[in-house]
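Guided by the hints, dock chains B, C and D onto chain A, whose structure is given.
4 protein chains.
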Amino acid sequence: MSETLVCETRVRVRYAETDRMGVVYHSNYLVWFEVGRVEWLRQMGFSYREMEEQEDLAIAVVDVHCRYKAPARYDEELIVRTSIKNVRECMIHFLYEVVRVNDNMLLAEGDTTHLVVGRDMKVKAIPDKYMSVFRKALGR
Amino acid sequence: MSETLVCETRVRVRYAETDRMGVVYHSNYLVWFEVGRVEWLRQMGFSYREMEEQEDLAIAVVDVHCRYKAPARYDEELIVRTSIKNVRECMIHFLYEVVRVNDNMLLAEGDTTHLVVGRDMKVKAIPDKYMSVFRKALGR
Amino acid sequence: MSETLVCETRVRVRYAETDRMGVVYHSNYLVWFEVGRVEWLRQMGFSYREMEEQEDLAIAVVDVHCRYKAPARYDEELIVRTSIKNVRECMIHFLYEVVRVNDNMLLAEGDTTHLVVGRDMKVKAIPDKYMSVFRKALGR
Amino acid sequence: MSETLVCETRVRVRYAETDRMGVVYHSNYLVWFEVGRVEWLRQMGFSYREMEEQEDLAIAVVDVHCRYKAPARYDEELIVRTSIKNVRECMIHFLYEVVRVNDNMLLAEGDTTHLVVGRDMKVKAIPDKYMSVFRKALGR
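Chains as they are written, first to last, in our numbering: chain A, 1 to 140; chain B, 1 to 140; chain C, 1 to 140; chain D, 1 to 140.
Where hints are given, some of them may not hold.
Note that the list lumps identical chains together, so a pair holds whenever it fits in one copy or between two copies.
Claimed, not checked - Only pairs whose alpha carbons sit at most 27 Å apart, straight line, appear in this in silico DSS-like list of lysine-lysine:
(1) K69 / K122
(2) K69 / K85
(3) K124 / K69
(4) K69 / K136
(5) K85 / K136
(6) K136 / K124
(7) K85 / K122
(8) K85 / K129
(9) K85 / K124
Honestly, the hints are just simulated from the structure, not real lab data. Small disclaimer: the values here were computed from a predicted structure and weren't measured.
Looking at chain A on its own, in the form it has when it is part of the complex (with noise of 0.2 Å):
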């Protein structure tokens, strides 16, 4: 992933997220990708909760894919990096990982794709003052 395009952002793994594996319980990766997403919206000048409330846009994921490597444990400080991979005129579609700080071994690496849509769950196009600074993010 190029260097300027790409957020990261910290979680420290909490207790509730362990299972009696002794490991984190693989559903919170995914919750952790959405926390990812939001902070590279927030680093490319945009709030997700702003997009959808006063613009009625919201990313509805319609695809998740994510492949564990090594287990987190309760109170690694972890680090997720968010990049997009495309976008298109509704659609679109996030890469991530997720680091150990301590070691910066990777744990897991993922990515999803979403649809653009309303309150109504119908889909939007996505306003062009989104699509362009994702466009750029891109390096198009």
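For chains B, C and D alone, kept in the frame of chain A given last:
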């Protein structure tokens, strides 16, 4: 609790609900209380979903108390026993017991207090059709 | 999927599983997949809890994929259809469909890949008593 | 609460923590209490993870109480203020306040009671090195 007014609902402990201590993470009992509460309402003839969607009535939690007696473990079947403790103009008070099916052991007990509100989060009086049923459940 | 090898489990959408978009938050489908997987094993005659506790066999998730077709909503009853796609020396591959009960609509489909490991997170060969049943479920 | 003994930790509300009422689902405050508690211990010089792993000391929750004053909403930054209320031979009692950063509004307050136990869930006396620090935090 009187036999007729108590709603018994079953839940099975999910892997996601355990933590690295090997037992259920304590916040999940509040989710089970909610499951019990909704089934109690259903047993009274009401759908909480319809209350929210068709009558703009939500029961917002304002107070929660839970005492943990013994840990629930993965894959155990549990009974959530829900009853109503009190009802007032715009407030409902529920009681809960979480019991393990295979040995009838009491694992937790709790209570929740709710204000009836609309979508605007403003307090509303409980409509008569609910109030009369709730009072009957209280033996009044 | 072949009728005899598919395990159907019911879940009802909990309030805690919804998000402010008014639909189920997407990571919860992974939890339901786990519920389906455990019931599939039970239908085959195995308790996943006993596998972990008595035989030191855990099935760690190494890959998850989920495609979301239509949103699940609060209080809806859903069926999780679980089947096995493949099994190898130390790896199992499951398939899932999440279907809404009242209109039989397919809401999501996914698959998970698992490595069989011990408490030490080291890979183990699947013991024969499981392997023979898994192979039978695959029609081999 | 006395200035020096209170630990302030920040959390930002995640989308996954909201529910279809548009506010944070109430069980998540218990998770934030746990985040606050662990940071309070860290501020006192202790790692809860090390307590569990190296000294076989866990602080099991036996009682939780939370009063909700005003709803937290998506993407809001919150402060969890944690302090110790009391400590006895094998019991610790914590207090919490959840405050919204941008207007300093008190959203919730609560308290949790914990028994110190080993991996076998049997009660243990709190070792001196912790007890002396906890007592100091209480101003004794």
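Against the structure, the hints come out as follows:
no., hint, in the structure
1, K69 / K122, "between (36 Å within a copy, 13 Å between copies)"
2, K69 / K85, "both (21 Å within a copy, 22 Å between copies)"
3, K124 / K69, "between (36 Å within a copy, 17 Å between copies)"
4, K69 / K136, "neither (31 Å within a copy, 30 Å between copies)"
5, K85 / K136, "within (12 Å within a copy, 41 Å between copies)"
6, K136 / K124, "within (21 Å within a copy, 47 Å between copies)"
7, K85 / K122, "within (23 Å within a copy, 34 Å between copies)"
8, K85 / K129, "within (18 Å within a copy, 44 Å between copies)"
9, K85 / K124, "within (20 Å within a copy, 36 Å between copies)"
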